[in-house]
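With chain A fixed as given, assemble chain B onto it according to the hints.
Given next are the chains, with one letter for each unit.
2 protein chains.
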Amino acid sequence: MMRIAFSARIPSTALQATRNLLVVGGILLLAGCANISSVRGTADLATVVARATGEVAILDTSTRQFIGIVEGLGDLSHASIVYSRDGRFAFVFGRDGGLTKVDILRHEVVVRTLQAGNSIGGAVSQDGRLVAVANYEPGGVRVFDSETLELLADIPATIDGSSDRSKVIGLVDAPGNRFVFSLWDSGEIWIADFSTGNEPKISRYKDIGTQPYDALITSDGRYYIAGLFGEDGMALLDLWHPENGVRRILDHYGMGEERLPVYKMPHLEGWAIAGKRAFVPAIGRHEVLVIDTENWQQIGRIPVHGQPVFVMAHPDNRHVWVNFSVPDYDTVQIIDTENLAIVGELKPGTGVLHMEFSPRGDQIWLSVRDDNKVVGYNPYTLQPIAELPLPSPSGIFMSDRAGRIGL
Amino acid sequence: MMRIAFSARIPSTALQATRNLLVVGGILLLAGCANISSVRGTADLATVVARATGEVAILDTSTRQFIGIVEGLGDLSHASIVYSRDGRFAFVFGRDGGLTKVDILRHEVVVRTLQAGNSIGGAVSQDGRLVAVANYEPGGVRVFDSETLELLADIPATIDGSSDRSKVIGLVDAPGNRFVFSLWDSGEIWIADFSTGNEPKISRYKDIGTQPYDALITSDGRYYIAGLFGEDGMALLDLWHPENGVRRILDHYGMGEERLPVYKMPHLEGWAIAGKRAFVPAIGRHEVLVIDTENWQQIGRIPVHGQPVFVMAHPDNRHVWVNFSVPDYDTVQIIDTENLAIVGELKPGTGVLHMEFSPRGDQIWLSVRDDNKVVGYNPYTLQPIAELPLPSPSGIFMSDRAGRIGL
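Going line by line, the protein sequences match chains A and B.
So for the first sequence, full-length UniProt numbering puts the first residue at 1; every next one is plus one.
So for the second sequence, full-length UniProt numbering puts the first residue at 1; every next one is plus one.
Think of the hints as simulated: they come from the structure by calculation, not from any bench.
Hints are supplied without guarantee of correctness; some may be wrong.
Given that identical chains are not distinguished, each listed pair holds provided it fits within a single copy or across any two copies.
Stated by the list, open to error - Straight-line distance between alpha carbons at most 16 Å, and here's what the computed EDC-like set of lysine to aspartate or glutamate pairs gives:
#, residue 1, residue 2
1, 347, 387
2, 276, 294
3, 101, 150
4, 101, 86
5, 101, 71
6, 206, 238
Chain A extracted, bound-state conformation (with noise of 0.2 Å):
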């Protein structure tokens, strides 16, 4: 079990040397025709945003290491990431509207385009031919052909009886090469359907409740769940039957209840379904809602330490793992998905962003913002396996989203 002894707050000299040793190590491998350390699986392979640095770091899950650093990625706070069909390509969506087209291979940045004013995460078609970004300025859907980022479709989140456009969030990708996504500001679900080539047949469903913040797909991409973030309940679509419209569930889940002040908005891709049973980060409240995928009635609440952010299964489903918002992300609670009792706890460091499990779950990793590390974790033991410095790190994705509906 590989450990770096690393102390909680590097100082940024020591930061600079470890980002300068990894871009180094990221241009030598671009150096000379003898490019080996380039050959090699993706499958093992995550990359980790470094928002205060508009970085991306490429974690090798197997040696538990930083490989390389790839920079020059624009305003990464709340950035995302999605693979191409391949693995070999991570689609960077940045705050300020930049999607970058990184190789994981060669550490490099192989197009970028500054697509909007303000985006807020995309998709890939399950062919892998089409990058789909949801943008809050000009409110709408962009999409952009895989290979080259070259703008193919551009859909404009319309708000009838308004000149006004609608931000747009919860932007996910699902099966028969569509895209479904919420519009904040008029309430609306949208599917936009390249199935039959670049121009997009686009079906909308109204009046699904006040303020879509974000959504989820199940993995099998059949029920697409927009949290709202004006009312109680959500908003539900079955992509099998759309004829039947939007349905609203989990109704008033908090009703006559006072809601704390919403530090951390919480996220829905997150969402964790483990058999049956769906784990759902409850906003503005320090529990974790359980709800039957069956009925998609609710059939718990799990009072946990703060209000929940992530709420992620472990790929065989026996746990989930919570994180909290300011003050409490500090803190990991461990979901027992069985008898919902919270059966582990742990504290990695001060401002635990994110979450990801390794594929098959022998991992997971998290990343700890104001301690400026990524820390691995084997979920069984809970012993750490690594201990990574990278300055504010958020999102961590690992490269099997590739292979993933919805991710």
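Below, chain B without anything else, positioned relative to chain A:
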């Protein structure tokens, strides 16, 4: 859409030419230092067994072409393949006891060992460190270092009160660095736990039923299910609660019915679990059984075209695809998992031995042995997307199995 015009039976000279071309391609890749073409992601690659010639072809599902062939793998009848943690190396289990580690980027054999006289498949541990092989002769499981194929552990399948050993079948990996397998001759299920190192802790479950012939584990690694050839019914072990022992399910599902002669043993690796329903090939009957995975009770039977061999779920869970044993092995049927109706049928050629979906389900690939071809389809439109010559193709294995529990 690439399509290769190709007549059903190609002359062996043409085959030879094709193979040579591919092999030369493979060799060229190794020559010189500018080995660009092997710098690539692995997420869109698959391997296809060419059983008659002891070869494995490497399929690029993005360009829809074979990009290499690796020869010299011995007797590949009934061969199966699993992948290294990084997706770069395919472990090929041959019927002759050969275990071969193939580099799918360099298109070459890395290391090969004749580890037994007769073997029937294997698995890679959750952490990627171990490769286990199920052997008929000598009956047992051997475990190797996935890096070097050095023998690390030998687990003879001993039979109480006998000096004989049992054939081992249905070997899978399970969470917690465990391997689970079944003993054909003694009707047992064993768990070998490698979570603490290379000295496994063995748990034996006896009297599970007569002649377990194959097994599967659910995608979350919780339920291990062995099919019984010697009697009706199946044996289920809940790996979350091994203390509860093995439970019989589908007891006497064919009671009182005359079983047809079984031309080919159905495969359980091919079990389809779509949502809460499992779809199972019935032995010796023209039926697919439907099981409720909540209580493991049979809830339906679907009459099909012949004796089912593989029943595979599309990654979107909406359909399952079924192929059949001789004489019906020219046909594939598609079942709707919602209304259990047969909604499609294909006749890709004579001798459809195996089917495999691309990870996100935009493609399905089928081996058509007697027509010496591998064909790809768009599973939504049922339009062919590729037809590739290969001598006597059988198993097709996508490299994303590297990140899946039990595959």
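Structure-based check of all given hints:
no.	hint	result
1	347 with 387	within (14 Å within a copy, 54 Å between copies)
2	276 with 294	both (7 Å within a copy, 9 Å between copies)
3	101 with 150	within (12 Å within a copy, 40 Å between copies)
4	101 with 86	within (13 Å within a copy, 21 Å between copies)
5	101 with 71	within (12 Å within a copy, 36 Å between copies)
6	206 with 238	within (15 Å within a copy, 44 Å between copies)
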